[in-house]
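Enquirer: Keeping their order, the protein sequence lines are chains V and P. Take the first sequence: its position 64, counted from the start at 1, is 64 in our numbering, and no numbers get skipped. Take the second sequence: its position 230, counted from the start at 1, is 459 in our numbering, and no numbers get skipped.
A portion of the hints provided could be inaccurate.
Unchecked claim - BS3-like mimics (lysine-lysine), calculated; alpha carbons at most 27 Å apart, straight line: (1) P:Lys385 <-> P:Lys898; (2) V:Lys123 <-> P:Lys236; (3) P:Lys732 <-> P:Lys898; (4) P:Lys877 <-> P:Lys892; (5) P:Lys367 <-> P:Lys452; (6) V:Lys121 <-> P:Lys236; (7) V:Lys124 <-> P:Lys732; (8) V:Lys112 <-> P:Lys236; (9) P:Lys278 <-> P:Lys236; (10) V:Lys119 <-> P:Lys236.
No lab work stands behind these hints, which were simulated from the structure alone.
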Amino acid sequence: MIRTNNLRKIYTTEEVETTALENVHIEIKEGEFVSIMGPSGCGKSTLMNILGLLDNPSGGEYFFTGTDVAKYSERQRAMMRKENIGFVFQSFNLIDELTIYENVELPLLYLKMPVDERKRKVKKVLEIMEIMHRRNHFPQQLSGGQQQRVAVARAIVAEPKIILADEPTGNLDSSHGDEVMKMLTELNDGGTTVVMVTHSPTYAEYGHRVIHLFDGKVVTENFNSKFHV
Amino acid sequence: MFSNYYKIFVRTLSRQKVFSFINITGLAIGITCFIILFLFVLDEFGYDKYNEKAEQIYRVILQLRFKGEDATNAKTAPALGNVLKKDFPEVISFTRLGYFGQHNLRYNNKVIREGDIYTADSNYFDIFTLPFVYGDSKNALKNPNSIVISETAAAKYFGNENPLGKTFTVDDGGTYLITGVMKDYPQKSSFSCNFLLSMSTYSETANQDWFNLGYTTFLVLKKKTNISEFNNKMKNVVRDYVWPQASAVLGFSLENFNKSGNAYALKLQPLSSIYLHSQSDYGVDTNSEWGNMRLSNISYSYIFLAIGTFVLLIAVFNFMNLATAKSEKRAREVGIRKTLGSDRRNLIVQFISESIFTCLLSVILSVVLVQMALPSFNDLVSRNLSLDLFNNFYTIPILFLFACLVGFISGSYPAFYLSSFQSSHILKSGGSGKSRKSRIRSVLVITQFAISITLIIGTIIIKDQLEYIQNKNLGFNKDALITINNGSTIRKDTKSFQEEISKISAVQSSTASSLMFTSGIPGSGYIYNKMSGKDVITAQFLDVDFNFTKTYQIQMKEGRYFSNEFGSDSGAVVINEAMAKKFNDKDPVGNNLAELNSDTKEMVPFKIIGVVKDFNYESLHKKVRPLVLHLSPVQQAVTIITIRVSPKNLDQTIKSIEEVWHKFAGNEKMFYRFVDENLARMYRNEQKIATITTVFSFLAIIIACLGLFGLVSFITEQRTKEIGVRKVLGASVGEIILMVSKEFIKWVLLANLIAWPIAYYVMNNWLQNFAYRMELSWSVFIISGIMALIIAVATVSYQVAKVAVQNPVTSLRYE
Chain V
1 MIRTNNLRKI YTTEEVETTA LENVHIEIKE GEFVSIMGPS GCGKSTLMNI
51 LGLLDNPSGG EYFFTGTDVA KYSERQRAMM RKENIGFVFQ SFNLIDELTI
101 YENVELPLLY LKMPVDERKR KVKKVLEIME IMHRRNHFPQ QLSGGQQQRV
151 AVARAIVAEP KIILADEPTG NLDSSHGDEV MKMLTELNDG GTTVVMVTHS
201 PTYAEYGHRV IHLFDGKVVT ENFNSKFHV
Chain P
230 MFSNYYKIFV RTLSRQKVFS FINITGLAIG ITCFIILFLF VLDEFGYDKY
280 NEKAEQIYRV ILQLRFKGED ATNAKTAPAL GNVLKKDFPE VISFTRLGYF
330 GQHNLRYNNK VIREGDIYTA DSNYFDIFTL PFVYGDSKNA LKNPNSIVIS
380 ETAAAKYFGN ENPLGKTFTV DDGGTYLITG VMKDYPQKSS FSCNFLLSMS
430 TYSETANQDW FNLGYTTFLV LKKKTNISEF NNKMKNVVRD YVWPQASAVL
480 GFSLENFNKS GNAYALKLQP LSSIYLHSQS DYGVDTNSEW GNMRLSNISY
530 SYIFLAIGTF VLLIAVFNFM NLATAKSEKR AREVGIRKTL GSDRRNLIVQ
580 FISESIFTCL LSVILSVVLV QMALPSFNDL VSRNLSLDLF NNFYTIPILF
630 LFACLVGFIS GSYPAFYLSS FQSSHILKSG GSGKSRKSRI RSVLVITQFA
680 ISITLIIGTI IIKDQLEYIQ NKNLGFNKDA LITINNGSTI RKDTKSFQEE
730 ISKISAVQSS TASSLMFTSG IPGSGYIYNK MSGKDVITAQ FLDVDFNFTK
780 TYQIQMKEGR YFSNEFGSDS GAVVINEAMA KKFNDKDPVG NNLAELNSDT
830 KEMVPFKIIG VVKDFNYESL HKKVRPLVLH LSPVQQAVTI ITIRVSPKNL
880 DQTIKSIEEV WHKFAGNEKM FYRFVDENLA RMYRNEQKIA TITTVFSFLA
930 IIIACLGLFG LVSFITEQRT KEIGVRKVLG ASVGEIILMV SKEFIKWVLL
980 ANLIAWPIAY YVMNNWLQNF AYRMELSWSV FIISGIMALI IAVATVSYQV
1030 AKVAVQNPVT SLRYE
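Chain V on its own, in the form it takes in the complex:
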């Protein structure tokens, strides 16, 4: 599903050049649940941005479903994103001016899906996430856990091949955190590939394997014994 070769990302400002990623090789297979860990500033988010096609790498190759997308234009990336990738963020990133229903509907609008199908899908996903009764509320009226459920709902509504979750539990208490992890696991069980960045070793354990990043390099890859066959 995902393969990178010598992936590099260098940020240049007027004065300094910072290497955020250096020679990163990773491979993620379809149906996998991968956790990424590492201290602040190690390049986790940079990696996620590149994997999520929000940003282009400075060098190296990036194969997404077999295609090299490393040099894709903003437009091509946007096309690829909306059809294949769902995002879940630490800070939920819901649009305050839109209701829960409208937030979840948004990816389908960009896919130009017909109205009936759209309604059906949004309804279904809201029911799965048990937030149907909240559909006409605005994000600010919901608790953090509920907001993250909306975010997950939005991430999966278009039935993406892969979900990228950037510290999805970071802003939640433990009970809500557990709930989100449960949802991700269920999605993965259903066949969706999940890549998750986390600081929590406990939640990292939910993954089939954990990739450790340090100073922009992959240092270790641990396979979770639970899943290792």
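Using the hints, position chain P against chain V.
Expert: The following block gives chain P in isolation, referenced to the frame of chain V:
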């Protein structure tokens, strides 16, 4: 998708009330200004188009260059029309307009002195589209002493009766037969009058007279006539008809005349250009136009259009500025939308449609504002403008397109700016990742202030110049001078009237003269110390009496003024300094001046007995032109009596004068004016501009401040944390205000540097319209700059102070 944009738009609007208010109202005021000024300019362009043949009608003008001085006359000789019709196959028909002065018209017991009786050829109504209420327009002006009157005039004399076939008794005997009642001239006609008398009433108009430049000649030309070719061919008319007559009197040939760099050229001017372009493009001397002409200048249209566009621009810039300033707030949305699969184009479409929505709201609001403001604006400029929403099929679609256009323009920069945010940045940091300082934003604010400052400077200079004119030494004392305009009513008794009013204690002196302070002061050709020659001097002349200089308080420079004590003064003239300068003679007093008598075509000699100091007898747009004062008997049809009175108890004085008036004039009203008012009337156009620029500059500044206010509030909001930290570290409120204001002060100073040369150039050009103009002083520029600075600093300080006085803990908790 659009419904999604629309939802976001409406919800953002209601959530950010102050912002929305500034945005929509500011834009609405800008659009209102633009619409109003646009309506005004549009109105300026429709003149004389009511004529069905408007496209084919031309006026013949006479361009004269003599001794390096150019003068273009709107009037031509009576014989011209016939010759052009005869010799030029392009001419379908011609018609002339003439004027023979004021007349008393009597019907039953009603006697009214009418100043706007013009004479017209019998085919006048074939050429000008003036429908008749009564009578037959084809034949109405055929016979001598036939008169066509307007509906207004008909109502004045005859009420609801049909006046056809009735007669006016004229002055002391003759009669005019009413042969037609025409509809009033449309409001958008450059010429209008209430009485048109048949040209055949005056038999002399049929003469081959090339000297009497007293008629406007209109031609109807075949379509697609080549005008420059036609103009060129008219040289033959000068050679074959004008010059034989001229050389017989003046004694020199056309070749000699042209060789010395002089020119005498007939030119065509399209009817549709008369109202706006006579002065600017054809150089027609305003003083040669009929007193009833309604004229404007194209440059005013440009000025107003420029002001309207500027005010609109300021409002649009506000919109752009505020939209980019609040971009931090929208950044997250941009990021989310991008991760969810929106590409840049989607976002650009979204933001531009939001801005079009806003503009539509502003346009709707501005339509209301326009309707509210138009009545007062109409009063201000004496117009009848209206924004016709439903009767004109195009109005609403045009307004809609206008909203889309303004929305597109004002939304495009924010759209490109916002959509360029990197989603990976925004979602991590919550900010756009762009620097707080936006170069375009500062360019926009600088431009706004440059425009505002230019407008302030313009306003001050226009006011100063008008004041300058009003206080300029005119060479006579204009205060407490009353002019009776219908003085010729008592022509025979003028002397007795003057003697009688001199008994009123407040009356200091009085004089009867021909008309002054108006366009159309007549001129003539003079030759100095000879009876013939090619060094003719053109000069205006006034008919005056013994008390003229005494009443006006005009100073003598040399020689003496006319006096009773010298019996020979009827053969004498007094000239002004400007005339004396033409002679190249240190002491012209005692020498001869020959004048061409246009009736007899002979030169008549006069003796120069004195030189008066120059005084302004025309508008100050013109330098004092050479002038010859003739002692009455008054030659001119129009006569005024000017009375110098004591400035106290003016009402009582006027009442006493009126009593005497009625002894001589019977029931006829005394039409009087104060000379200073009369002079002020000559600057109506300038007054109009002054008021309009003042009002709109004021609005421009308000809109600019509104924008600045919004911008600063966003900037301080963004810097709240910084302000808190600085306060914790010991900064005072004043220091913080200075810190934030510094940038704006820099901008305003820069705006001054841009505005000054522009304002200097534009205003200097405008001042060229005046022969007498104030010196442009640097203080005006500096004062305007300081004013703008104060306004900007006050706006900024108010906003910043609000944040700066807060407890720093509050500002720090903000994040």
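Enquirer: Now, for every hint given, state plainly whether the structure supports it.
Expert: Tested hints:
| no. | hint | verdict |
| --- | --- | --- |
| 1 | P:Lys385 <-> P:Lys898 | holds (15 Å) |
| 2 | V:Lys123 <-> P:Lys236 | holds (20 Å) |
| 3 | P:Lys732 <-> P:Lys898 | holds (21 Å) |
| 4 | P:Lys877 <-> P:Lys892 | holds (24 Å) |
| 5 | P:Lys367 <-> P:Lys452 | holds (23 Å) |
| 6 | V:Lys121 <-> P:Lys236 | holds (21 Å) |
| 7 | V:Lys124 <-> P:Lys732 | violated (107 Å) |
| 8 | V:Lys112 <-> P:Lys236 | holds (18 Å) |
| 9 | P:Lys278 <-> P:Lys236 | violated (49 Å) |
| 10 | V:Lys119 <-> P:Lys236 | holds (18 Å) |
This entry does not satisfy hints 7, 9, going by the numbered hints stated previously.
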